[in-house]
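Protein chains in written order, with my numbering: chain A, 1 to 538; chain B, 1001 to 1192.
In short, the hints are calculated from the structure, not lab data.
Be a bit skeptical, because a hint or two may be false.
SDA-like, lysine to any residue: derived pairs with alpha carbons at most 20 Å apart [what the hints assert, rightly or not]:
# : chain 1 : residue 1 : chain 2 : residue 2
1 : B       : 1098      : B       : 1135
2 : A       : 3         : B       : 1027
3 : A       : 3         : B       : 1028
4 : B       : 1089      : A       : 154
Sample of chain B residues lacking proximity to chain A, with all beta carbon distances greater than 10 Å (derived) [unchecked claim]:
#  : residue
5  : 1017
6  : 1068
7  : 1082
8  : 1086
9  : 1137
10 : 1139
11 : 1162
12 : 1165
13 : 1169
14 : 1190
For glycine and all other residues, C-beta sits at the position ideal for the given N, C-alpha and C.
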Amino acid sequence: MQKLLLLGDEAIAQGAIDGGMSGCYAYPGTPSTEIMEYVQHSKEAAEKSLHRQWSANEKTATESAIGMSYAGKRAMACMKHVGVNVAADAFVNAAITGVNGGLVILAADDPSMHSSQNEQDSRFYGDFSLIPILEPATQQEAYDMAYSAFELSEKMNTPVLLRVTTRLAHSRSGVVRKTPKPELKGSLPKDTKQFILLPSIARENYKKLLAMQPEMEKASDESDFNRYEKGSDKKLGVVACGIAYNYLMENYPDGCPYDVVKISQYPLPRKKIEDLKENCDELLILEEGQPLIERLIRGYFDEGKPIHGRLNGSLPRDGELNPELVAKALGIQLEEGKPIPEMLAGRPPALCPGCSHRDVYNALAVALEPYGDGRVFSDIGCYTLGALAPFNAINSCVDMGASITMAIGASDAGLVPAVAMIGDSTFTHSGMTGLLDAVIKDSPIVVIISDNSTTGMTGGQKSHAEGRLFDIVKGLGVPDVHIRAMNPLKKHHETNVQIMKEELEHKGVSVIIPQRECIQTAARKNRAKHKAKKNKNI
Amino acid sequence: MKIDIILAGVGGQGILTIAAAIGTAAVNKGLYIKQAEVHGMSQRGGDVQSNLRISDKPIHSDLIAKGGADMILSVEPMESLRYLPYLKKDGYLITSTKPFINIPNYPELEDLMKAIKAMDHHVAIDADQIAKDEVGSARASNIVMLGAASPFLKMEMSEFEDALKELFGRKGEEVVEMNIKALRAGRKMAEK
């Protein structure tokens, strides 16, 4: 079969397509975005008319996937780790409903916070939801797991959590495909009450979920993704989860001298871990993320054999792993290259030259002068870069949609006027309900929906807000006179400052919508247009 | 055979295209590869790097360990120095000398060049100028840098040319030709 050079994300997408997926649901978020993008560009997905449109947020994506599962087809919902928080209500309850068609929830975690607000480990969600978790070590495993996860889900009657981290998601390697499976035809659940989580039914379903746990553990013990590899030196036994296995093996080009349990499917294969503990004097636990397994094996009283990991300082408590951190934990000395010359300057990311958010911040700085600093609540997107010099324009960035709601709370506390700065895609993701709160109370806040008509930070995916912002804001009940359009260009600076000043003086809710397309997205569209024209001429 | 390369530059300078060209050539040759990229926030004009590993045996880690890289291949002089701890003692530093200045505190170019020239094995060329002179556009400067690195990559020139044909084929014959010319120009400079 053909070998493809794929990112981990792309391998998951191809695996899911080949595994009989009928629908992919997602909201863009680094490092998960490329999964949906791959499905959208896939010729096979187009031929099969698989569902492959973006959703408004991770919760709507997950719920739609549950709906497809209900209707008897295989579905996958993809999101970054913090997106799992947004989807958590649906996620946890889907373990209680169980599935009809196979259901896979893909969480792409970002340890070291390369592009995120925290480094939470999604395996915890899978753990307390009591569902199987798959954690690939290689791009090939990522493909194989996405390919087989739907069947595992159907067999266990639960969603399956497929968990990757940044390094695998965004690293390319060769992947061999398997024979594609057909989609399921679709069917109603055999138990017509399965998806009705009334307390009486939910209690029954939950007991069934608990009763499946030994079956899940058995599947982990028998899984090809988990391995016990024997070594010659019994001084140490290593538990290596997901890509941590790669960093371990990297340090032993001629083979690891110690016994190793490679973990890529959870719940933990208990038998293998027991054997390791029996056979070795000390244990080292390698996890890409938080010490979930280490805590479990170590126990609260930590009375067993010596255990090394993130909790005893053998490995750092935070951040992603890498070959040298693992080498240090193994007592291997690596020889580093030369130090970085002191003269080197940092090169932080910045708003692009010509970006409309720049003009918004420039106007806002002037309009806010009379009121003083500390009152701009921002959100998640390119405009968060307004936190850096030369703008230093924002005072918060917490979670999707929090700009509006934090501004409400701050104004409740007397910080008036308070300003919310949010992008168009983030507004339709999680800002609309907050704005409704503000309308109901007529909170003295100014909401700037900086509309660049795209989901910019993740690479310019289509925004649900496009062409709808004014109608949405009006529909939520913001008075017409306080919905203000603005043209974020340098030549309109004075006018824009004036609009902002007027609305800052208003003692109720105002919405200002500066609209100008993201220059990157516009350039991309132009290139595509140019190409289409050229092809036509040929 | 095993080569570990750190590609360095600024978001938008085209290091992923270099990686794709080397990766394609390696895969066509039946070699194993792993290539870790940087996506997301850091792409907005910030420093970016990619770990590219090629071997005739299966590769474990997606990341290169400190002190493990055979080569730093950079399209920008300051960025070429950011990953020195990753370079082997006898590793090669191959960089373009054309600075990309988008920060107020960019160091003196002269000091950067001193540090680059202090490396035992280095190749430093003005890829922008070479690209302009040879193919009339600085846009191909990343492929000039690929050409400059090519003598050290243990693959044939024809294998890189085939990879460029594969990568740029759908953009038309002209683009393929331009990139092959840029590749050859970079190679010539490195061999000097």
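Quick one: which hint numbers does this structure break? Sort them smallest to largest. 4, 6, 7 and 8
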